[in-house]
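K.L.:
Protein sequences, first through last, are from chains A and B.
When we follow UniProt numbering, the leftmost residue of the first sequence carries the number 1, and every step to the right adds one.
When we follow UniProt numbering, the leftmost residue of the second sequence carries the number 1, and every step to the right adds one.
Just so you know, the hints here were simulated from the structure itself, not pulled from any lab data.
There could be a bad hint or two in this list.
What the hints assert, rightly or not - To spell it out: a stretch of chain B is covered by chain A in this simulated footprint if at least three of its residues, at any positions, have a beta carbon under 8 Å from a beta carbon of chain A; those stretches are:
(1) 64-71
(2) 189-199
(3) 233-246
(4) 398-410
(5) 470-477
What the hints assert, rightly or not - Sample of chain B residues with no beta-carbon within 10 Å of chain A, all distances over it, derived:
(6) ARG12
(7) PRO19
(8) ARG31
(9) ARG77
(10) ALA85
(11) ALA182
(12) ALA208
(13) GLY219
(14) ALA298
(15) ARG321
(16) GLU333
(17) GLU362
(18) VAL423
(19) ASP482
Treat the numbers as computed from the prediction; the structure is a model and nothing was measured.
The beta carbon of each residue, even a glycine, is placed where N, CA and C say it ideally should be.
2 protein chains.
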Amino acid sequence: MLYSTDPRSGRRTAVDIEPTSDDEVAATLERATAAAHVLRSEPRAWRSHLLRSLADALTRRGEELVSAALAETGLTRSRLEGEVARAAGQFRLFADVVDEGSYLEAAIDHAVESPSGRAPEIRRMLVPLGPVAVFGSSNFPFAFSVAGGDTASALAAGNPVILKAHSSHIEVSRLSFEILDAAARSAGAPPGTLEIVYGQEAGRALVAHPAVRAVGFTGSQSTAEALLEVIRGRAEPIPFYGELSSLNPLIVSAQAAVARSTQIAEGLIQSVLGSSGQLCTKPGLLFVPGAATELVDALVAAVSREGSHVLLNDRIATSYREISGRLVDAGAETAARGSGPETEFSVNPALLVIPAHDFTSEVAEEVFGPLAVIVRYRDVSEIPPALDAVPGSLTATIHSEPQEQDFRAAVVDAIEDRVGRIVFNGYPTGVRVSWAQHHGGPWPATNTQHTSVGATAIRRFLRPLAWQDAPEDVLPTELRNDSDVPRRIDGALILAGASTAQGR
Amino acid sequence: MLYSTDPRSGRRTAVDIEPTSDDEVAATLERATAAAHVLRSEPRAWRSHLLRSLADALTRRGEELVSAALAETGLTRSRLEGEVARAAGQFRLFADVVDEGSYLEAAIDHAVESPSGRAPEIRRMLVPLGPVAVFGSSNFPFAFSVAGGDTASALAAGNPVILKAHSSHIEVSRLSFEILDAAARSAGAPPGTLEIVYGQEAGRALVAHPAVRAVGFTGSQSTAEALLEVIRGRAEPIPFYGELSSLNPLIVSAQAAVARSTQIAEGLIQSVLGSSGQLCTKPGLLFVPGAATELVDALVAAVSREGSHVLLNDRIATSYREISGRLVDAGAETAARGSGPETEFSVNPALLVIPAHDFTSEVAEEVFGPLAVIVRYRDVSEIPPALDAVPGSLTATIHSEPQEQDFRAAVVDAIEDRVGRIVFNGYPTGVRVSWAQHHGGPWPATNTQHTSVGATAIRRFLRPLAWQDAPEDVLPTELRNDSDVPRRIDGALILAGASTAQGR
C-alpha cells in the first residue's frame, strides 16, 4: 500500500495506486524501447514542439499542481508557484537547446589524400542513449522530480523517460505524470515516451532492467549507493548521474563583514532558512572573521526569533535532529535556536558555531534543513586547512570588498578543486537555469563530471556516433552537406547557416 | 624482478628496473599534485608549446623507439614507424585543440533583471581534473601507451599524467617516458608533469591513491574489472575510461559480394591479418551472403597460404588458442588455417565459418589475433537477429552498392545502437586521428560515452566550473570580457575574435 502524507498535519492517507510489479516494469520498458525507436527518427523541430507542449501544460495546470504539493510537501504556496514556473521554464530552455542544435557536437572531417594513404571522411554527432530512468528528489516536487530537469534534458536528447514516483510526494508525482503524459500524447508522442513506476521495489527493478540505458538521480548518498549496487549487478553497466550531498561553504572577508554586515546577515538568513533550508545549495558552513560580532549577532537574533519549520517528511526531520546532535558532540556550540513547538515533521532552526582551528571533518556533515554552522576564523591562514576538511560541494561563496583581491585569490585557490560553482557577493541558493549554469561538483556533491541544471545537462543522455565514408542516405540530416546546426568542419567551428560542408 | 621479452625469439631478459614501491607511488603523486597546480595556472599557449615539444622529441628519437619496440613486440618496422608518427601526430592534434580553445566550452550568461528578481551572471568553462593515471595497451606500444592518446589528451586538458609501464613492452615504456620527460623539462614543465610507475602492484596502488582524479585504460575486460574493484574501494570514486573489447561486425551485401569480391577479399585479408589481427578494430565477424562463394574462396585461399604469426606476448597466443577452440566447440567450422610452425608466442591465422541461423552469443567472443569468423546468411532477414547476439563494438562496417539503399538502412537500423562508428565500403582498422573521430562504443567496447581517439578525447579529463557574478580578477582569461576562444554568450555561439562579451 502506498501513502500520501501531509507533513503540516501529519495525516497519512492511503492512495489508490498499487506498487508497480516486476511484470509491469518490464511492460513499461517494452513500450519505452519501442518509443526510443520512434523518437530518434523524428526531427529536432518535432521534439522542441513536444517540449514546449509539456511546458504549456505545466503552466496551464499549475494551480492543480500547487494544490497537490501544498498537501504533501509543507512548502509554501509562493515557493511552489515559483517552482512550477521554473519546471515549465526548464522544458522551454531545452526546446531552445534542441532547436539551436550545437548540443549535437556535429563535426565533419573531409577525406584527405596523404603520402601514407587516404584518410577517410568522418562525420560525428551525438545520438540518444535510449530509455532513461529518473529518480527525483523530495525537496523539489516539480523542478527535480517527475516534471524536472532530468526528465526535460533526457527527453530533449531524444530518449524516453521512465519516472520513479517519489514516496514523499506521490500524488504530485501522479498528477505531474498525468499532465505531461496527456500533453505528450496530444503532441503526437508515441506510447512509452513517458512512463512512471511506483514503489521502492519497482525503482530497483527499473535500474536492473537491461533496456534502461542511464539513470538520473537526485537524493541521498545512501539511496544512491543502493542503486549503484543494483547497477553493479547488471550484465551491462550504465551511467548513473547522481546529485547527492553538499555543504556549500560561504566565506566572508574581514572588510565585507564590516562594510555589509546587515545586508549579508539578511541574505544569509534568507538563504539558510528559505524552503526551511531544504535546498542542496543551502550555505551550510559560514566562515566569518572572529571580529565580525555585528554580523554574527544579527544572525543569532534572526534565528532566535524563528518558530519551528515543517519539513518535507519525518525522515528529514529525524536526520536533522540526529546530525545536528552529532555536530554538537563533535565540538560545535549552539549559538541560536528557534523556539517553536516541534512535531514528528517539524524542527527548530539552529545556528551552531565553532572556531576554525577546532574545525574537523566531523563537523563537516550536511544537515538538511534550517541549520548553518558558523566557523569563526582569526586569520585568513586558518581558512584553507578548514576547507580541506569539507567534502566536495556544489558551490562555494565568497563575500569580499573590491580591493580585497589577495583574499579572494587565496580563497579561490583553496576551494576551486572542491566545488562546481563559485559565487561572489551573493548566495548559492536560487540556481539560475540557463545556458552557462553548472550544478554539479566533486564527490560527494555528484558522482560525475556533469551538471543537472542548465543547457549542458543534455550531454548526460547522449553518446557519440561516427559515420565513415557514409552515403548521404544513411546520414542524419544534421550531418548532411546542408545543415541547420553549428558544426566543426575540418577542425574549424562554423555557425549554422554558413555553407561550408560541401564536398571538397 | 621485471623482464623484457622478445616474442620473436622467446628470449626473456631481466631489466634494470625495480617495481615501484608504495612509498614511491606516494612520492610520485605528491610531485604530480604540485605540478597540477602549476599546469593549471599556465596559459593555453604554454601548454600547446609543451605538446608540440613532446611531438618533436618523439619524431627526433623515432629510430630509437622503433628499435626498442622491434625487440619487444614482434610488430614490423613499417607498422612501428607508422605508429611513432601517429603518436607524434596525436600530440600535435591536441596542441591544435588547445590553441583553438572551444574544447573549454566557455559560456557566459549575462545578468538579467526579471519580474521574479535578478538572475545573476554565470560564466562557465571546463577545468582540469588533476593527476590522471594512464594504463596503455600491449598492442600499440606508442599510440596507446606511454606516448599515447590518453597521455596527450590528459596533458592537453592541463593535467599531470602518471603512466603505468606495460609489462609487455617495459623497455619501450621506459624509453618513451625518458624522451617525453626530458622534452617536458626542456619546455619548462614542472617536475611531476609526467611520472611513471612499474609493476602490477604499483598500478593498483596508483588507482587507489586519493590524489589520482581519473584513469585512462586500454586493455582487457578482466584487468579493467580488477582496477574497477580498486576504485570501488576508494573513499572518493573517480572516472575510469576503459576501452576493452570489440568484435567489429562487417556485413557484405549480396550485390557488393558479386561486384567487388576480389577487392573486398583483399581489403579484408589486410584488415584481419595486419598487425597479426591484434587491433581493437579488427573485423572479427564477417557477414557474407551464402551465394558469395568467390569472396569466401578468396579469403580461404589467402589464409591457407599464410605462415604463422608472432604475437605480442605468450598470454595473447594462449588466449588465441583457447578462444578459437571454444568457437569451434560452439559450432563454428574451420574453413582455413595457416600452416606455419607454432611456438609459445606464435599462432597460425584462421578463418572459421558458421551459418547465420546457427550463430549464437557463444560464437560472439573476441579472438585477439589473426582470426575472423565468416557468418553466412541466406537472407537479409537473418542479419538482425545474429547481430543481436553480438556485444557492443567499437565499429560496424557495411559493404553495399549505391542502389542498395534498403539493405543499408536495414543494417544500420539493426546495428546503430550497438557501435560507436559505422564504416561504409571500407575497413574499420586504421583509425583516423582527427577532430570528428569517435573511438568508443557501448559496453563492453568501452564503459563510458567517450572516445579515446580524436580531439574530443580531451573531454574525459575536464570538468565544468561556474563563476557567478565574479570580479574579473578571479576569472580565467578565457572567461574575461575579451577572449580568444569561441564561446556561447547568452545562448548564442560566438566564434573567437567576435567581441560580444562586453557587459550589457
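K.L.:
Where does the structure disagree with the numbered hints, that is, which hint numbers, in rising order?
P.N.:
1, 2, 10 and 18
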